[in-house]
Amino acid sequence: MLWHALTLQLGYNATLVTLGAMLLGVAAGVTGTFLFLRKRALVSDAISHATLPGVGIAFIIMVVLGGDGRSLIGLMLGSAASAWIGLLCIGFLTRRTRLAEDAAIGAVLSVFFGIGIVFLTYIQTMSEGRQAGLEGFLLGSTAGMLYSDAVIIAVGGAAVLLAVIAFRRPLSAIAFDPEFAASSGLNVPRLDLIMMGLVMAITVVGLKIVGLILIVALLIIPPVTARFWSERVTGVLWVAGVVGGVAGYVGAALSAIAPALPTGPVIVLVLFAMFALSLLFAPARGVLAAVLKHLSFQKRVHVRQGLLALAQGQPIYEKLTLRLLQRSGLARADGVPTPDGKARAAKALRDERRWQMARSREEFALAATFYDGLTEIEGVLTSDQISELDRLIGAPQGVPV
Amino acid sequence: MTSLELATSDGTRMIETPAGAALAIRGMTVSYGQKPAVFSVDMTVPVGSMTAIIGPNGAGKSTLLKAALGVIKPLAGSAQVFGQPVAQARARIAYVPQRASVDWDFPTRVLDVVLMGLYRELGLLGRLRGTHKAKAMDCLKRVGMQDFATRQIGQLSGGQQQRVFLARALAQDADLYLLDEPFAGVDAATEKAIIDVLQALRADGKTVVAVHHDLSTVTDYFDRVFLINTTRVAEGTVEEAFTPQTLQDAYGGRLATGQLGQTALGA
Chain E
1 MLWHALTLQL GYNATLVTLG AMLLGVAAGV TGTFLFLRKR ALVSDAISHA TLPGVGIAFI
61 IMVVLGGDGR SLIGLMLGSA ASAWIGLLCI GFLTRRTRLA EDAAIGAVLS VFFGIGIVFL
121 TYIQTMSEGR QAGLEGFLLG STAGMLYSDA VIIAVGGAAV LLAVIAFRRP LSAIAFDPEF
181 AASSGLNVPR LDLIMMGLVM AITVVGLKIV GLILIVALLI IPPVTARFWS ERVTGVLWVA
241 GVVGGVAGYV GAALSAIAPA LPTGPVIVLV LFAMFALSLL FAPARGVLAA VLKHLSFQKR
301 VHVRQGLLAL AQGQPIYEKL TLRLLQRSGL ARADGVPTPD GKARAAKALR DERRWQMARS
361 REEFALAATF YDGLTEIEGV LTSDQISELD RLIGAPQGVP V
Chain A
402 MTSLELATSD GTRMIETPAG AALAIRGMTV SYGQKPAVFS VDMTVPVGSM TAIIGPNGAG
462 KSTLLKAALG VIKPLAGSAQ VFGQPVAQAR ARIAYVPQRA SVDWDFPTRV LDVVLMGLYR
522 ELGLLGRLRG THKAKAMDCL KRVGMQDFAT RQIGQLSGGQ QQRVFLARAL AQDADLYLLD
582 EPFAGVDAAT EKAIIDVLQA LRADGKTVVA VHHDLSTVTD YFDRVFLINT TRVAEGTVEE
642 AFTPQTLQDA YGGRLATGQL GQTALGA
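Protein chains in written order, with my numbering: chain E, 1 to 401; chain A, 402 to 668.
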């Protein structure tokens with residue numbers, strides 16, 4: 001059953017929903033990247049919570065006008081309107097009062113969500129409200145989704161994706177250096193508004209599948225995961241798109257076989273799995289890589305210090321140093337250097353003298369800035385420069401070369 | 402310096418912007434909250450000059466620059482660049498903000514930062530081509546950073562970061578270069594590299610304005626100074642405006658008089 005779901009063999013409708021969710025995930029990951037880079041991730045949480053009153057009001061209006069309150073387009077328009085009002089409130093509180101943005105976000109988020117819940121509870125008491133299934137908008141649900149709903153989600157996701165790609169350069173410019181961007185003529189407040197508008201569009205489009213409480217995960221976790229893998233905006237965008245797409249796809253497929261399970265939490269779990277793997281195993285920025293890097297650095301420091309001690313005939317007190325020298329075949333357990341160790345020790349001491357000479361001469365000032373006790377001098381200076389240093393030092397003293 | 406004598410900041414100015422000015426600021430007032438950081442400042446920068454904006458901490462040096470560029474909105478006043486409003490002269494302006502103003506862990510490489518100087522030229526949908534990359538590489542070469550093109554910006558030293566910012570401004574191919582503390586916290590080799598680039602720009606007829614904090618190098622690096630402490634204190638060539646008296650006026654008791662005398666003499 002699971003395999004059937006993942007390979008799109010559960011019928012036309014389920015397939016369409018799954019593909020729509022995937023497209024939404026890609027668009028959310030890419031849009032969220034700019035939100036993340038601009039360091040405004042939490043605004044998306046406020047936007048999504050602020051959609052709830054709109055959902056309720058739109059439902060009531062549609063019912064009062066004699067229509068079917070469940071029309072997805074109608075509910076989306078309502079949610080967009082109230083999310084926009086929420087955004088304006090945050091903007092107003094931040095600009096016109098002394099409140100910081102995080103406080104404004106907290107206030108708007110909770111007040112709008114509270115109002116929305118009041119509407120939803122009221123709708124439950126209406127005769128049309130009982131089967132409305134509006135709770136599905138909280139945590140997401142693909143159950144009972146219509147063909148037209150899936151099309152709306154797919155088209156909406158694709159449209160947002162195209163818009164974000166078109167604006168990728170100015171959006172990354174204002175995220176990296178807003179002052180420079182403004183000086184070169186970019187309208188920073190307007191671009192911020194465009195970004196927020198796109199985030200709002202993702203929220204509204206994703207409301208049905210992911211649910212408003214967890215849509216923030218689909219916007220933020222993909223770029224955060226992607227950041228572990230890339231040092232370039234383009235790379236982060238690609239990886240975030242893939243991560244979001246996979247999460248949307250798997251989330252919708254799983255919920256097709258377990259309709260009782262809300263889609264939002266499933267998507268979040270898939271996202272979390274990818275995030276956790278990246279956190280641990282990413283090559284440059286992962287936790288494991290950092291530990292390994294530290295250990296190898298520590299080893300280099302200890303071996304170097306040990307070699308210098310050996311070269312000067314000093315005893316080695318630290319156990320770790322001795323163990324590392326021993327393991328590299330440079331010294332015996334009693335601290336006496338092996339022939340290989342002797343040669344390496346002499347070279348280390350020689351290089352140390354060369355560095356000291358380089359640091360004392362003005363003509364080597366630039367190279368001397370690379371000195372950290374570990375860097376090999378051959379990597380910084382050419383062989384003729386090193387010969388010049390050797391000439392200045394004179395013949396090796398007391399240490400066999 | 403007739404343009405200078407004509408433009409006063411006491412509210413009686415009647416004089417239009419001098420035609421030969423690269424940058425002309427008139428009546429600029431900027432305020433954060435209720436306290437003006439810059440009050441009614443006039444500034445005239447002749448074409449082809451190299452001007453240091455100096456003054457104590459919090460005197461409004463950076464603020465003046467940002468307001469002239471339209472990065473922050475002034476309460477009053479205006480700025481013209483080569484006789485045009487700033488908004489119409491963007492293509493002729495390059496800007497180097499303070500290094501500390503950005504997040505250096507941003508996922509971008511050195512070459513990508515320099516390419517940002519070409520975004521205006523590229524427009525929204527223009528494609529980045531080989532010629533753009535070649536131009537960006539050339540700008541990196543001018544600041545001695547060509548070997549760092551593919552480095553992540555977080556791996557750079559402070560001086561190298563400053564050079565990358567300068568390369569990005571060079572990519573803007575402007576006539577007026579505005580720099581905010583380009584020498585702050587950089588090593589001696591970088592300071593030399595930057596001043597060489599700036600002097601080469603001036604030799605090409607470009608105009609350079611830099612917020613500067615090191616009084617001991619003013620006479621060596623610049624030919625004009627603009628002293629500010631919320632209001633304009635003095636403006637003119639180094640000989641006429643960089644004197645113990647003007648420094649005393651700008652810095653008040655914050656510098657010992659003896660030190661001031663030495664500095665102004667270039668000792």
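Calculated directly from the structure, the hints in this document are not laboratory data.
Remember, predicted model here, so these are calculated numbers, not experimental data.
Incorrect hints may have been included.
[Stated by the list, open to error] Here are the simulated lysine to aspartate or glutamate pairs, EDC-like style, with alpha carbons at most 20 Å apart: (1) E:K299 <-> E:E363; (2) A:K593 <-> A:D506; (3) A:K607 <-> A:D597; (4) E:K39 <-> A:D574; (5) A:K607 <-> A:D504; (6) E:K293 <-> A:D576; (7) E:K39 <-> E:E179; (8) E:K39 <-> A:D548; (9) A:K474 <-> E:E376; (10) A:K474 <-> E:E179; (11) A:K593 <-> A:D548; (12) A:K593 <-> E:E363; (13) A:K542 <-> A:D504; (14) E:K293 <-> E:E376; (15) A:K607 <-> A:D574; (16) A:K593 <-> E:D372; (17) A:K542 <-> A:D506; (18) E:K39 <-> E:D102; (19) A:K607 <-> A:D588.
Evaluated hints:
no. : hint              : in the structure
1   : E:K299 <-> E:E363 : violated, 32 Å
2   : A:K593 <-> A:D506 : violated, 26 Å
3   : A:K607 <-> A:D597 : holds, 14 Å
4   : E:K39 <-> A:D574  : violated, 31 Å
5   : A:K607 <-> A:D504 : violated, 30 Å
6   : E:K293 <-> A:D576 : violated, 47 Å
7   : E:K39 <-> E:E179  : holds, 15 Å
8   : E:K39 <-> A:D548  : violated, 31 Å
9   : A:K474 <-> E:E376 : violated, 52 Å
10  : A:K474 <-> E:E179 : holds, 12 Å
11  : A:K593 <-> A:D548 : holds, 18 Å
12  : A:K593 <-> E:E363 : holds, 15 Å
13  : A:K542 <-> A:D504 : violated, 24 Å
14  : E:K293 <-> E:E376 : holds, 18 Å
15  : A:K607 <-> A:D574 : holds, 10 Å
16  : A:K593 <-> E:D372 : violated, 24 Å
17  : A:K542 <-> A:D506 : violated, 23 Å
18  : E:K39 <-> E:D102  : holds, 12 Å
19  : A:K607 <-> A:D588 : violated, 25 Å
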